[in-house]
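Novice: Those sequence lines, one after another, are chains A and B.
Using our numbering, the final residue of the first sequence is 306, and nothing's skipped along the way.
Using our numbering, the final residue of the second sequence is 329, and nothing's skipped along the way.
The set of hints was computed from the structure by calculation and includes no laboratory data.
Because the structure is a prediction, the values reported are computed rather than measured.
Any given hint could be a false lead.
Stated by the list, open to error - Examples of chain B residues lying across from chain A (beta carbon under 8 Å, computed):
1. LEU71
2. LEU73
3. GLY89
4. VAL91
5. LYS94
6. LYS97
7. GLN104
8. ASN109
9. ALA113
10. ASN115
11. GLU126
12. PRO134
13. ARG229
14. TYR230
Stated by the list, open to error - If you want a taste of the chain A side facing chain B, the calculated C-beta under 8 Å gives, among others:
15. THR193
16. GLY198
17. TYR199
18. ARG204
19. ASP210
Unchecked claim - Anything over 12 Å on all C-beta distances counts as not near chain B; from chain A, calculated:
20. THR196
21. VAL200
22. ALA203
23. VAL205
24. ILE213
25. ILE218
Glycine included, C-beta positions come from ideal geometry on N, C-alpha and C.
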Amino acid sequence: MPEIAIPKSTISKTAGIRRPHIVVRIFQALKLPVNDPFAVAGLVIYLVFVVAAVFADQIATHDPTEILYTPSYDLAADLRPGQDGFLMGTTSLGRDIFSQLVYGSRSALLIGVTAAFMVALIGSIIGLVAGYFGRWVDAVLMRLADIAFGIPFLPFVIVLAAFLQPSIWNVVIAMALVLWRDTARVIRSQVLTLRTRGYVEAARVAGSSDFKIILRHIAPNILPLSFLYGSIAIGWAILTEASISFLGFGDPDSISWGYMLQDAFASQALAKQAYYWFVPPGVCIILVVSAGFFITAVMKTSFSRS
Amino acid sequence: MNIATRKTDVLVSVHDARLHYRVGGAFAAMRGKSTVVKAVDGVTFDIRRGESVGLLGESGCGKTSMGRLLLKLEETTGGSIHFDGEELGKVQRKGLKTFRSRAQLIFQNPFDAINPRFSIRATLSEPLENAGIPRGEREGRIIKALELVRLPEPAQFLDRYPHQLSGGQLQRVVMARALILQPEFVVADEPVSMLDVSVRAGVLNVFRDVRDRLGLTAIYISHDLALVRYVCERTIVMYLGRIMEDGPTEDIVHQPLHPYTKALVAAVPVPNPDQSHDPLPIGRGAPDPRNPPSGCVFRDRCPSAHARCAAEVPQPRQVGTRTVACHLF
Numbered sequence: 001m002p003e004i005a006i007p008k009s010t011i012s013k014t015a016g017i018r019r020p021h022i023v024v025r026i027f028q029a030l031k032l033p034v035n036d037p038f039a040v041a042g043l044v045i046y047l048v049f050v051v052a053a054v055f056a057d058q059i060a061t062h063d064p065t066e067i068l069y070t071p072s073y074d075l076a077a078d079l080r081p082g083q084d085g086f087l088m089g090t091t092s093l094g095r096d097i098f099s100q101l102v103y104g105s106r107s108a109l110l111i112g113v114t115a116a117f118m119v120a121l122i123g124s125i126i127g128l129v130a131g132y133f134g135r136w137v138d139a140v141l142m143r144l145a146d147i148a149f150g151i152p153f154l155p156f157v158i159v160l161a162a163f164l165q166p167s168i169w170n171v172v173i174a175m176a177l178v179l180w181r182d183t184a185r186v187i188r189s190q191v192l193t194l195r196t197r198g199y200v201e202a203a204r205v206a207g208s209s210d211f212k213i214i215l216r217h218i219a220p221n222i223l224p225l226s227f228l229y230g231s232i233a234i235g236w237a238i239l240t241e242a243s244i245s246f247l248g249f250g251d252p253d254s255i256s257w258g259y260m261l262q263d264a265f266a267s268q269a270l271a272k273q274a275y276y277w278f279v280p281p282g283v284c285i286i287l288v289v290s291a292g293f294f295i296t297a298v299m300k301t302s303f304s305r306s
Numbered sequence: 001m002n003i004a005t006r007k008t009d010v011l012v013s014v015h016d017a018r019l020h021y022r023v024g025g026a027f028a029a030m031r032g033k034s035t036v037v038k039a040v041d042g043v044t045f046d047i048r049r050g051e052s053v054g055l056l057g058e059s060g061c062g063k064t065s066m067g068r069l070l071l072k073l074e075e076t077t078g079g080s081i082h083f084d085g086e087e088l089g090k091v092q093r094k095g096l097k098t099f100r101s102r103a104q105l106i107f108q109n110p111f112d113a114i115n116p117r118f119s120i121r122a123t124l125s126e127p128l129e130n131a132g133i134p135r136g137e138r139e140g141r142i143i144k145a146l147e148l149v150r151l152p153e154p155a156q157f158l159d160r161y162p163h164q165l166s167g168g169q170l171q172r173v174v175m176a177r178a179l180i181l182q183p184e185f186v187v188a189d190e191p192v193s194m195l196d197v198s199v200r201a202g203v204l205n206v207f208r209d210v211r212d213r214l215g216l217t218a219i220y221i222s223h224d225l226a227l228v229r230y231v232c233e234r235t236i237v238m239y240l241g242r243i244m245e246d247g248p249t250e251d252i253v254h255q256p257l258h259p260y261t262k263a264l265v266a267a268v269p270v271p272n273p274d275q276s277h278d279p280l281p282i283g284r285g286a287p288d289p290r291n292p293p294s295g296c297v298f299r300d301r302c303p304s305a306h307a308r309c310a311a312e313v314p315q316p317r318q319v320g321t322r323t324v325a326c327h328l329f
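Please model the complete structure; the sequences and the hints are all you need to start from.
Specialist: Below, the structure written as structure tokens:
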């Protein structure tokens, strides 16, 4: 019987074209690499942390900075996970670790996204301008990039934090000031090949201004690259913030995973064998940073293939 | 230029135009090793209104560079080019905007000349938008321009993208874009060299018809004497950035004067596979443009070179209907 031999997929196709679900279509429009298991893992990790950050107020059981007491009115210090209803235990100062972890994802997300946005924006603009105009504009901007390459990143953030008030924005500012260099270099080289294309010259003959040519004919072609470098910057920003906070240059008023590590270190959590205190924030940092790298690695290969 | 010359029928006037590129960076210059490539070197000619001039030469002779200079896509490094009495080097901002609508370019490679992300409508809207044509009038002008280049049923092409069109159709769109602002002067840079032989004639005929109908002044850049003869009444032969011979196309084809032109005419293929071709009277390749011969740039390949050719750069001389730069005349 020939009908039996028809594979299932063919039947569903012939049954009529159904529009995919709205969520599926949004994902398709973003062109995220959903075919790769690493990329899917990365996306899932991101999703979990974004949900945690957005709904931190609902998920957290306590105020992360509040000093808590046990039902018997003792300071809730150094409690083990589960003891007195504290999900992941408490710190030496009697703060809830689980709540700190949840709120930590909020500052990680905030820093990661703003830093990535700044790096991608500044890097793209400088790369576009240098590559398109060439000559002395290019020479000046690329020597600036050379200088930025010469700045040791972590010491720069520490010095910046020492001059400015300790704040999570120091990391964002430092990244914007230093890490645009990689993005700018790569985008510049892309623009150098794009500007020799016939249609760019055609736009000039058609009377389009330089600004218009960059915006309409060149920028759309480098957008995936800016996106790629932006997502690499997310991981860098979170990692840097953690390092800075761990070294004690972070903002003492905002809860981040780096701050938790520093707090645990300063309170000699290791000696107390309080693994429940410093392992979770460490794992969170590793998860988020590697999720970003999973996604970008897949994006990079698909990018170089096209 | 004074007012009086504006009234003459010369549209484009090139005087001793030069385009020199420095090759090698600052370090090479310090060691005295930087060289200058003279893409265009002391070129002088006038183009009258309504005239069609072929710019003929082998690759690397500076014909495309000359075309780019004429459209101010490149600035001269010496000499001057006047368009309708105005020096191109001094045209700025508003003047440049006007110039861009009066002088246009037809590109060599239609597959590269249209942004693959742009629909045909968007491609043809760009010049109209820049010229400040109101939105409501654009569609009508686009259709008219596409009809002008004889693209059948133009309306159906508007929302297509370049990859959905054939080479011949694309080249018509490129021509439509060049003509949509009704320019007076058009530079066509080998417009059919990327097309299949079968569609070349169609595109060439469109070019000829449109030019005659709109009374365009045109420069046709090509390495193919047969094509230039088909399209242009006058031909300028270039070699290594200089003009070798300049005169009516028919005279040049039937009785070439300059030894280089003679070789070019002899190199035109004859459509008879059995006819053997005499070896060309000139050496094979053009010299390194960074290091051209002294005196006459053609002398190392010229069968009739003599002592004077090495010592002295031949100046253009009027010979009958033509100008020839050769010591033989």
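Novice: Enumerate the violated hints, using their earlier numbering and listing them in ascending order.
Specialist: 3, 4, 5, 12, 13, 14, 15, 19, 20, 21, 22, 23, 24 and 25
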